[in-house]
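Participant: Chain residues, written in single-letter form:
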Amino acid sequence: MGAKEYIIRRAISSITLFFLAIILNFFIFRIMPGDPTMTIIDIRMTPEMIEELRRRFGLDKPLWEQFLLYLRGVFTGDFGRSFEWRHLTVWEVIFERRFQNTLILMGSSMCLAMVIGTLLGILAAYKRGSKFDAAATFVSLFVYSTPIFWSGLIVLLIFSYYLGWIPSGGTLSWEIEHTPITYVLDYLHHMIAPMIILSLWFLASYFMVMRSSILDVFTQDYIVTAEAKGLSDRRILFRHAARNALLPTVSLMAVHSSYLISGATLTETVFSWYGMGKLMYDAVMFCDYPVLHGIFFLMSVVVILANFIADIAYMYLDPRIRY
Amino acid sequence: MRMKSAKGEVLATILVLTLLPAILFPAPLVAVDVKPDLTFTYKCLSWFLMDLKSAKIITEMVSKIGVKFELQPLDSHILYPQIENKEFEVNSVSQGQGPSPRNPLELYHSSGDYPGGPNDTGIRNATLDEYLEKAYTEMDMEKRKEYLGIVQYILAEQIPCIPIFVGDETHVIRSEWEGYVVMPGGIMDVNNIWTLLGLHDTTPGVEEQVFVMALPSYIGGFNMLDHRDWRTWYVVTLLAYDTRLKYDPELNIIPWLAKEYSIAPDGKTYTFKLRENAVWHDGEPLTAEDVKFTLEYMKEQKVPYIYEDVKHITSVETPDPYTVIVHLDTSFWLLEYDFAMDIPILPKHIWEGKPWDWDNIVPGGNLIGGDLIGSGPFMLKKYVEGEYLEFWRNDNWWYPQKPILDKYIFKVLRTQEARLMAMKKGEVDTERYETPPSLIPEVVADPNLKLVPSTGIWMVNVEFNIREGPLSDVWVRRAIAHAIDKQEIVDRVMLGWGKVANSVLPKCWYPQYYNPDIPIYEYNVTKANQILEEHGYIDVDGDGVRELPGAKPPVAPWYTSPIAQVGIIAAVAIVAVVVGAALYVRSVKKAMAAGEG
Numbered sequence: 001m002g003a004k005e006y007i008i009r010r011a012i013s014s015i016t017l018f019f020l021a022i023i024l025n026f027f028i029f030r031i032m033p034g035d036p037t038m039t040i041i042d043i044r045m046t047p048e049m050i051e052e053l054r055r056r057f058g059l060d061k062p063l064w065e066q067f068l069l070y071l072r073g074v075f076t077g078d079f080g081r082s083f084e085w086r087h088l089t090v091w092e093v094i095f096e097r098r099f100q101n102t103l104i105l106m107g108s109s110m111c112l113a114m115v116i117g118t119l120l121g122i123l124a125a126y127k128r129g130s131k132f133d134a135a136a137t138f139v140s141l142f143v144y145s146t147p148i149f150w151s152g153l154i155v156l157l158i159f160s161y162y163l164g165w166i167p168s169g170g171t172l173s174w175e176i177e178h179t180p181i182t183y184v185l186d187y188l189h190h191m192i193a194p195m196i197i198l199s200l201w202f203l204a205s206y207f208m209v210m211r212s213s214i215l216d217v218f219t220q221d222y223i224v225t226a227e228a229k230g231l232s233d234r235r236i237l238f239r240h241a242a243r244n245a246l247l248p249t250v251s252l253m254a255v256h257s258s259y260l261i262s263g264a265t266l267t268e269t270v271f272s273w274y275g276m277g278k279l280m281y282d283a284v285m286f287c288d289y290p291v292l293h294g295i296f297f298l299m300s301v302v303v304i305l306a307n308f309i310a311d312i313a314y315m316y317l318d319p320r321i322r323y
Numbered sequence: 001m002r003m004k005s006a007k008g009e010v011l012a013t014i015l016v017l018t019l020l021p022a023i024l025f026p027a028p029l030v031a032v033d034v035k036p037d038l039t040f041t042y043k044c045l046s047w048f049l050m051d052l053k054s055a056k057i058i059t060e061m062v063s064k065i066g067v068k069f070e071l072q073p074l075d076s077h078i079l080y081p082q083i084e085n086k087e088f089e090v091n092s093v094s095q096g097q098g099p100s101p102r103n104p105l106e107l108y109h110s111s112g113d114y115p116g117g118p119n120d121t122g123i124r125n126a127t128l129d130e131y132l133e134k135a136y137t138e139m140d141m142e143k144r145k146e147y148l149g150i151v152q153y154i155l156a157e158q159i160p161c162i163p164i165f166v167g168d169e170t171h172v173i174r175s176e177w178e179g180y181v182v183m184p185g186g187i188m189d190v191n192n193i194w195t196l197l198g199l200h201d202t203t204p205g206v207e208e209q210v211f212v213m214a215l216p217s218y219i220g221g222f223n224m225l226d227h228r229d230w231r232t233w234y235v236v237t238l239l240a241y242d243t244r245l246k247y248d249p250e251l252n253i254i255p256w257l258a259k260e261y262s263i264a265p266d267g268k269t270y271t272f273k274l275r276e277n278a279v280w281h282d283g284e285p286l287t288a289e290d291v292k293f294t295l296e297y298m299k300e301q302k303v304p305y306i307y308e309d310v311k312h313i314t315s316v317e318t319p320d321p322y323t324v325i326v327h328l329d330t331s332f333w334l335l336e337y338d339f340a341m342d343i344p345i346l347p348k349h350i351w352e353g354k355p356w357d358w359d360n361i362v363p364g365g366n367l368i369g370g371d372l373i374g375s376g377p378f379m380l381k382k383y384v385e386g387e388y389l390e391f392w393r394n395d396n397w398w399y400p401q402k403p404i405l406d407k408y409i410f411k412v413l414r415t416q417e418a419r420l421m422a423m424k425k426g427e428v429d430t431e432r433y434e435t436p437p438s439l440i441p442e443v444v445a446d447p448n449l450k451l452v453p454s455t456g457i458w459m460v461n462v463e464f465n466i467r468e469g470p471l472s473d474v475w476v477r478r479a480i481a482h483a484i485d486k487q488e489i490v491d492r493v494m495l496g497w498g499k500v501a502n503s504v505l506p507k508c509w510y511p512q513y514y515n516p517d518i519p520i521y522e523y524n525v526t527k528a529n530q531i532l533e534e535h536g537y538i539d540v541d542g543d544g545v546r547e548l549p550g551a552k553p554p555v556a557p558w559y560t561s562p563i564a565q566v567g568i569i570a571a572v573a574i575v576a577v578v579v580g581a582a583l584y585v586r587s588v589k590k591a592m593a594a595g596e597g
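Each protein sequence line maps, in turn, to chains L and H.
Counting from 1, position 30 in the first sequence corresponds to residue 30 in our numbering; the numbering is continuous, with no gaps.
Counting from 1, position 166 in the second sequence corresponds to residue 166 in our numbering; the numbering is continuous, with no gaps.
In case anyone wonders, no lab produced these hints; they're calculated from the structure.
Bear in mind that the values here come from a model prediction, so they are computed numbers and not experimental data.
Between beta-carbon pairs, the in silico distance windows are:
#1 H:Lys273 x L:Gly58: 39 to 49 Å
#2 H:Asp75 x L:Ser251: 30 to 40 Å
#3 H:Ser63 x L:Leu215: 55 to 65 Å
#4 H:Val474 x L:Thr76: 57 to 67 Å
#5 H:His327 x L:His178: 48 to 58 Å
#6 H:Pro511 x L:Glu51: 35 to 45 Å
#7 H:Ala126 x L:Glu51: 26 to 36 Å
#8 H:Asp75 x L:Leu17: 26 to 36 Å
#9 H:Lys589 x L:Ser251: 52 to 62 Å
#10 L:Ile31 x H:Ala445: 44 to 54 Å
#11 L:Leu215 x H:Pro447: 55 to 65 Å
#12 H:Asp75 x L:Ser212: 36 to 46 Å
#13 H:Lys354 x L:Glu51: 17 to 27 Å
Note that beta-carbon positions come from the ideal geometry of N, C-alpha and C, so glycine has one too.
With these hints in hand, go ahead and build the complete structure from the sequences.
Facilitator: Structural data, given as structure tokens:
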């Protein structure tokens with residue numbers, strides 16, 4: 001089977017998966033307990049008003065009709081009005097600021113984690129059994145298993161409260177007159193702490209995967225061949241071993257891609273980062289179906305696309321892969 | 001030899017394992033649980049710590065009188081529908097208190113007892129209904145007090161709910177700030193305009209008076225008629241809008257934007273004389289037309305929350321630009337309170353022709369055209385969604401005294417820890433809500449912070465569903481009330497920051513209406529037990545939970561008698577010995593076979 005045929009087959013299965021995800025997205029939230037109108041209830045709301053709210057939310061229609069409306073929404077790109085942020089449409093809720101904030105924070109910390117984690121993984125594998133290897137493994141696992149709400153608070157306590165280097169939270173300061181340059185600087189100033197915390201958390205995965213993957217590659221015959229050819233250690237490590245060992249890292253990136261949309265609820269809460277993680281949490285709490293549909297639609301698109309790209313990338317990274 | 005000893009261990013293990021459950025847990029073999037008994041599901045909010053902690057202690061307390069509460073902490077969107085649909089036996093959901101004494105009318109009138117209705121407990125008492133109706137239409141203060149006293153008496157006697165305590169508003173503010181006014185609800189309450197007027201930074205040489213308040217999350221929107229949280233209400237209604245009347249620090253109603261007002265003796269006509277120098281933030285004059293428009297708009301559009309307040313209005317007259325006469329179909333005096341708090345005045349020139357609909361109030365209330373237009377002491381200057389809001393003092397405000405603050409900033413900090421650190425550091429000056437009691441020692445120890453306690457708005461309240469089952473027996477409810485030590489709950493949950501409540505109109509909020517002669521259920525476990533004994537609630541099966549009157553003691557199944565239990569243990573032991581012996585013999589045979597081979 002040729003590469004082209006493989007890509008087409010993968011594309012078809014991705015699209016099928018996408019449709020399944022869309023159908024599932026509608027039903028999983030309807031199974032969820034709770035009633036959206038009840039989240040805005042007040043003892044002074046009469047039954048007629050609750051009925052009116054249900055009508056405005058479109059919840060008075062039979063389920064199949066709601067489903068059809070939802071499907072229409074998916075294809076016209078209009079998920080309607082949020083139940084909780086009622087003055088906004090779903091896309092306004094998501095794209096006004098939250099999506100950008102999450103994408104920037106998660107994207108940068110994931111890139112940072114990937115680059116540093118992978119390099120550390122290569123080094124640790126090369127010096128396996130050394131003090132460096134043991135220390136790096138210990139530290140990365142320690143950070144990974146530390147709850148973020150705790151480590152985040154410790155970071156805030158030290159760097160914000162005692163040292164005063166970083167702000168207490170948020171993405172922007174009200175004190176600053178925002179020109180494009182001060183805006184970017186202010187934003188970065190706010191982003192440093194959550195970014196470092198998140199990168200350290202992501203780092204462990206990339207480190208461990210790369211380390212074990214390199215160790216695995218080291219047992220392969222072609223490494224012995226390379227050594228026999230008299231190549232330098234560095235050349236073997238980076239040109240021969242690392243390249244082949246990168247494949248699991250690519251898969252890991254595809255897996256992590258959903259974080260780009262879903263954000264990290266705990267980090268966002270601790271650092272008051274106005275992003276998608278907290279939005280998703282709130283939307284679940286308020287039974288805000290339209291917003292949940294919107295977020296999960298974006299998430300399905302990104303995850304399916306990332307996995308599709310990862311599969312294609314495999315083909316180029318590892319010429320042996322042909323299906 | 002080694003082989004043999006291993007088999008011995010196996011034998012011993014089998015023996016121990018089979019006998020262990022019988023030795024350790026004899027109960028399941030003995031107890032027979034007789035139902036129905038005084039076991040009730042007990043629902044409360046999982047995230048509201050004051051309720052949850054109180055509920056845990058109450059569960060503990062009632063267990064001492066043979067009543068079992070099975071605690072179910074639930075999230076709001078699951079709990080509220082269940083309570084609305086009366087799917088509960090006991091619940092603990094805090095009641096919000098405010099200057100307006102409306103809770104009894106809304107929560108205990110029999111007309112509110114339908115699925116989705118506000119009468120949760122299901123109390124239907126003709127005398128109570130009669131006095132509720134009388135009390136809330138009575139214009140004479142003395143008679144009103146008397147009727148509300150009777151209402152409180154009946155509710156305490158019938159006890160559909162047990163008021164536990166009103167938590168304190170333990171507000172934390174930075175030490176350099178002075179000029180705040182303590183009121184029930186706190187120094188930063190939605191009714192507290194006085195703090196807003198007097199608050200100032202006493203730091204010597206301070207150039208600009210800037211006050212920063214931390215919010216736990218961003219406000220729900222700028223729309224006056226769609227606010228659902230106290231943040232929005234505080235930020236938008238108090239700062240940017242005006243009401244006709246206001247509360248003074250003792251919660252008496254005083255003229256406000258209406259410089260004088262009168263209520264006809266029959267309570268059906270309100271006449272307001274408005275101030276003549278009031279202008280909207282955009283410079284348009286504020287006149288009687290705006291007031292008329294607002295009331296008619298709320299009624300015509302059936303704006304949720306507010307409609308119930310304005311539905312009694314039949315017509316609004318404006319004989320001149322600064323006089324408003326409101327006619328009601330009944331003398332409903334709660335409206336006077338609503339004019340002081342719930343019903344702001346909207347600018348007619350901006351809202352006219354826009355039906356109350358989410359589509360028409362984007363983005364954010366009357367931000368159409370970019371600005372939030374009210375008539376209040378502060379104007380919205382700048383905001384970044386999800387981050388902060390910046391209000392500047394309105395120098396054209398009509399009130400003779402202007403706020404001292406130049407700017408009022410609201411900044412979102414999501415966690416309690418971050419807010420406290422920011423206050424200690426000086427990045428923010430206070431936070432919107434009270435600081436939890438567990439953090440108070442840290443606040444007191446910090447010279448930069450001070451604690452300003454006042455009566456809070458939440459009253460922990462245990463509600464019974466008295467429609468059916470044992471809870472429909474008033475004696476069970478009374479016994480439970482006697483078993484609850486309210487002061488201990490205040491001490492354990494709030495570390496003492498709270499006031500024990502006995503009435504549905506607690507004394508700390510409504511000193512003028514509180515009836516001190518109502519039945520009070522003092523903490524007395526012996527008495528509670530005695531009441532239950534007398535009314536036939538006996539624990540017949542010995543499981544620590546009382547059964548209903550007339551319950552038969554359980555007939556013990558054959559296997560619970562001592563002889564049968566000895567028999568069972570013996571049988572198990574014999575089987576174990578036989579199996580062990582068989583295994584042993586087999587292993588010896590194998591060993592011999594191996595030796596031969």
